[in-house]
Amino acid sequence: MQTRQHILSTIVLYIIFGSVFIIVAYPLVWMLYSSLKPQWEIFANPFSLPNKFFLGNYVKVWTRGNFGTYFFNSILVTVPSVIGIVFFSSLAGYAFARFKFKGDKIVFFFFLIGIIIPVQSIIIPSFQIVSKLGLIDTYWALIFTYFSWGQVAILILRAFFRSLPQEIIESAKMDGCSEFQIYGRIALPLAKPAIATVAIFYFVWVWNNFLYPLLYVTSDEMNTIPLGIMLFRGKYSVDWGAQCAALSIATIPAVVIYLLFQDKFVRGLTAGAVKG
Amino acid sequence: MRQTQVGTRGSGKKKGWGVIPVYVPWLFLLPSLVFYLVFKAIPIFGTFIISFFRWEGISFATMDFIGIRNYITLLSDEVFLLALWNNIIFILMGVSMVTVFALFIAVLLEKGLRLSNFFRGTYFIPAVMSMVVIGVTFTLFLSPELGVVNPFLERIGLGKFTRAWLGDPQFALPIVILSHVWQMFGFYMFIFIAGLKNIPDELYEAAHIDGSGVWGDFLHVTLPLLKPVVAVVVVLAMINTLKVFDLIYVMTFGGPGNASQVLTLRMYLVGFMHNYMGYGSAIAVVFLLLTLAISAVQLKVTGSLK
Numbered sequence: 000m001q002t003r004q005h006i007l008s009t010i011v012l013y014i015i016f017g018s019v020f021i022i023v024a025y026p027l028v029w030m031l032y033s034s035l036k037p038q039w040e041i042f043a044n045p046f047s048l049p050n051k052f053f054l055g056n057y058v059k060v061w062t063r064g065n066f067g068t069y070f071f072n073s074i075l076v077t078v079p080s081v082i083g084i085v086f087f088s089s090l091a092g093y094a095f096a097r098f099k100f101k102g103d104k105i106v107f108f109f110f111l112i113g114i115i116i117p118v119q120s121i122i123i124p125s126f127q128i129v130s131k132l133g134l135i136d137t138y139w140a141l142i143f144t145y146f147s148w149g150q151v152a153i154l155i156l157r158a159f160f161r162s163l164p165q166e167i168i169e170s171a172k173m174d175g176c177s178e179f180q181i182y183g184r185i186a187l188p189l190a191k192p193a194i195a196t197v198a199i200f201y202f203v204w205v206w207n208n209f210l211y212p213l214l215y216v217t218s219d220e221m222n223t224i225p226l227g228i229m230l231f232r233g234k235y236s237v238d239w240g241a242q243c244a245a246l247s248i249a250t251i252p253a254v255v256i257y258l259l260f261q262d263k264f265v266r267g268l269t270a271g272a273v274k275g
Numbered sequence: 000m001r002q003t004q005v006g007t008r009g010s011g012k013k014k015g016w017g018v019i020p021v022y023v024p025w026l027f028l029l030p031s032l033v034f035y036l037v038f039k040a041i042p043i044f045g046t047f048i049i050s051f052f053r054w055e056g057i058s059f060a061t062m063d064f065i066g067i068r069n070y071i072t073l074l075s076d077e078v079f080l081l082a083l084w085n086n087i088i089f090i091l092m093g094v095s096m097v098t099v100f101a102l103f104i105a106v107l108l109e110k111g112l113r114l115s116n117f118f119r120g121t122y123f124i125p126a127v128m129s130m131v132v133i134g135v136t137f138t139l140f141l142s143p144e145l146g147v148v149n150p151f152l153e154r155i156g157l158g159k160f161t162r163a164w165l166g167d168p169q170f171a172l173p174i175v176i177l178s179h180v181w182q183m184f185g186f187y188m189f190i191f192i193a194g195l196k197n198i199p200d201e202l203y204e205a206a207h208i209d210g211s212g213v214w215g216d217f218l219h220v221t222l223p224l225l226k227p228v229v230a231v232v233v234v235l236a237m238i239n240t241l242k243v244f245d246l247i248y249v250m251t252f253g254g255p256g257n258a259s260q261v262l263t264l265r266m267y268l269v270g271f272m273h274n275y276m277g278y279g280s281a282i283a284v285v286f287l288l289l290t291l292a293i294s295a296v297q298l299k300v301t302g303s304l305k
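In order, the protein sequence lines correspond to chains A and B. Numbering that gives the first Met the number 0 puts the first residue of the first sequence at 0, with every later residue one more than the last. Numbering that gives the first Met the number 0 puts the first residue of the second sequence at 0, with every later residue one more than the last.
Chain A with its partners taken away, still in its complex shape (with noise of 0.2 angstroms):
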């Protein structure tokens, strides 16, 4: 009685997250696939697999499409703006954890209101900032731009070094190493889980990012994936094999990311939420 029960409930139970499964999974699994047929096999039918792999999307969106430059573009704005996202919030996390100095509660503060606030409703004065300082259109208007995010990661590495043993580093002090000395050598190496955790989670977001290029990229040889992918819709509207493969470009890198580093990245996203 007992074990039918238990068989009978856990067969529902495979046939509500098979049922979820396919919801999450099929538009996924359906935009790779239909990214490998040519154009007409999706029209004859959209939901067959392909015949025979067809990289003939892949190779005109990577060059026609303008998706090697835009890859390149999205790698040059992600890669340095996270890890400037990573040091210098890595510096100030440490700064509000081991310094007890006049107005650190305030200045706390002042960075705490900063992750309330919701990235577009500020758009309007910043970019009136990027374009008096003569940035539209450069790498630079994304990656300052995305510096200017990091609180969410100064209060997780706030969080991770208030929680280092206080021996280690005094004792540190005591063999004459100055505070950046502490930091790089000690304190930083110490926090490499946590740095990961941001990292990760941090590279997701800029990667994707879609507002900020919208308002600060003008010229075409300029632009990141997610915006590039609009521009691409534009022009190929018709052609869904290649609209495909330019989604899975765009969708690989992040996901590669977030199945090889799941739990850091789960841990981070959830840590931030919750604190934000």
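Keep in mind that the hints were calculated from the coordinates and are not lab data. A virtual CB, placed ideally from N, CA and C, is assigned to each residue, including glycine. One or more hints might be untrue.
As the list claims (entries may be wrong) - Sample of chain A residues at the chain B side, in silico, Cβ under 7 angstroms: (1) His5; (2) Ile6; (3) Ala94; (4) Ile121; (5) Ile123; (6) Asn207; (7) Phe209; (8) Pro252; (9) Ala253; (10) Tyr257; (11) Leu259.
To be verified - Under the rule of at most 27 angstroms between Cα atoms (straight-line distance), these lysine-lysine pairs were calculated in the DSS-like manner: (12) Lys242/B x Lys110/B; (13) Lys226/B x Lys110/B; (14) Lys191/A x Lys99/A; (15) Lys196/B x Lys299/B; (16) Lys242/B x Lys159/B; (17) Lys159/B x Lys263/A; (18) Lys226/B x Lys263/A; (19) Lys104/A x Lys110/B; (20) Lys226/B x Lys159/B; (21) Lys196/B x Lys59/A; (22) Lys242/B x Lys226/B; (23) Lys196/B x Lys191/A; (24) Lys191/A x Lys263/A; (25) Lys226/B x Lys196/B; (26) Lys234/A x Lys59/A; (27) Lys263/A x Lys242/B.
Fit chain B to the supplied structure of chain A, relying on the hints for placement.
Relative to chain A, chain B alone:
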């Protein structure tokens, strides 16, 4: 006397290594502070200031102070009011759906099935994807001429329900909301799972002795103890649905007509397409105050629940 040295946390009474020059913490903070000030904090204040001006946004010399006139105009701006209304619908529908669904799945996943980890990991994938990709994929799915949804409906004999989904004023907004729920439920699910892990097993065992079933467990043990987490998720979901921009931009661009217009897109259009920077900023201020109000409620709720 001017303070020239500051203390470090955990510094003992021994003098000589417990104190450091006063400028050192500020050197550590400098880069974060500079970028935060220039590219975020000043724009926050800027939004409020610009909202009191009429300004086409090119030269500061042409800024025309008009007091609260932009806000008065908002009250009779039908598109703005419609956008605000759509945001409210988005919040009501989106938040209730995503919260209930995420909680439901999280509770079931905690039943400890062998494949739980696999399902959990997959359900999160949409949350790491670009909203542009999601928006374009669903637009292709729902395309009236070809698409996937219409042919599917025809194949299973529901051909009379086919339509131009995103071109239908009744369906455009709900479809964007559903796409948002599709993307985000895995994210909230993980927050719930983290909360569920904190509920001690003994409580369930005690409930079992009292003869409670699955539903009783949920109602009398899980839900009361999960209240703070539910509050966090609801508030986060409210803010995240209020912030929706990319999905609307990609899927409907506010259309058809203004059937799926929302505050963020309206602000973008007014500010950057029509160049009414002052009026756009007034919309931004309303949007910002709404977010802050929700955050303030969150702080109160989480404070009182703890």
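Hints, verified against the model:
For His5/A, the interface hint is violated, the least distance from its beta-carbon to any beta-carbon of chain B being 11 angstroms, above 7 angstroms. Interface restraint check: Ile6/A against chain B, minimum CB-CB distance 12 angstroms, threshold 7 angstroms, status violated. Interface hint status for Ala94/A: upheld, as the beta-carbon distance to the closest one in chain B is roughly 4 angstroms, under 7 angstroms. Nearest Cβ of chain B to the Cβ of Ile121/A: about 4 angstroms, under the 7 angstroms cut. The hint holds.
The closest approach between the C-beta of Ile123/A and any C-beta of chain B is roughly 5 angstroms, which is under the 7 angstroms cut-off, so the hint is satisfied. For Asn207/A, the interface hint holds, the least distance from its beta-carbon to any beta-carbon of chain B being 4 angstroms, beneath 7 angstroms. Residue-level restraint check for Phe209/A holds (minimum Cβ-Cβ distance to chain B is 5 angstroms; threshold 7 angstroms). Residue-level restraint check for Pro252/A is violated (minimum Cβ-Cβ distance to chain B is 10 angstroms; threshold 7 angstroms).
With a least beta-carbon distance of about 5 angstroms to chain B, the hint placing Ala253/A at the interface is held under the 7 angstroms criterion. Residue-level restraint check for Tyr257/A holds (minimum Cβ-Cβ distance to chain B is 4 angstroms; threshold 7 angstroms). Nearest Cβ of chain B to the Cβ of Leu259/A: about 11 angstroms, over the 7 angstroms cut. The hint is violated. For the hint pairing Lys242/B with Lys110/B, the CA-to-CA distance comes to about 34 angstroms; that exceeds 27 angstroms, so the pair is violated.
Only pairs whose Cα atoms come within 27 angstroms are accepted, and Lys226/B paired with Lys110/B is accepted, the gap being roughly 20 angstroms. Taking the CA atoms of Lys191/A and Lys99/A, the gap is about 24 angstroms. The hint holds against a cut of 27 angstroms. A hinted pair counts as satisfied when its Cα atoms are at most 27 angstroms apart, and Lys196/B with Lys299/B qualifies at roughly 24 angstroms. Under the criterion of a C-alpha separation no larger than 27 angstroms, the hint pairing Lys242/B with Lys159/B is inconsistent with the structure, at around 35 angstroms.
Between the alpha carbons of Lys159/B and Lys263/A the distance comes to roughly 47 angstroms, so the proposed pair goes past 27 angstroms and is violated. Between the alpha carbons of Lys226/B and Lys263/A the distance comes to roughly 26 angstroms, so the proposed pair stays at or under 27 angstroms and holds. Proximity of Lys104/A to Lys110/B is assessed by CA-CA distance (about 43 angstroms); at most 27 angstroms being required, the pair is judged violated. Pair hint Lys226/B plus Lys159/B does not hold up; C-alpha atoms about 44 angstroms apart against a cutoff of 27 angstroms.
Taken as a hint, the Lys196/B and Lys59/A pair is broken in the structure, with Cα atoms around 48 angstroms apart against an allowance of 27 angstroms. Between Lys242/B and Lys226/B the CA atoms are separated by roughly 24 angstroms; this keeps the pair inside 27 angstroms, and the hint holds. The straight-line distance between the Cα atoms of Lys196/B and Lys191/A is roughly 26 angstroms, inside the 27 angstroms bound, and the hint therefore holds. Proximity of Lys191/A to Lys263/A is assessed by CA-CA distance (about 11 angstroms); at most 27 angstroms being required, the pair is judged to hold.
Between Lys226/B and Lys196/B, the direct Cα distance comes to roughly 14 angstroms. Compliance with the 27 angstroms bound is thereby established for this hinted pair. As the CA atoms of Lys234/A and Lys59/A are separated by approximately 13 angstroms, the hinted pair is consistent with the 27 angstroms bound. Between Lys263/A and Lys242/B, the direct Cα distance comes to roughly 25 angstroms. Compliance with the 27 angstroms bound is thereby established for this hinted pair.
Hints 1, 2, 8, 11, 12, 16, 17, 19, 20, 21 from the earlier list are contradicted by this structure; the remaining hints agree with it.
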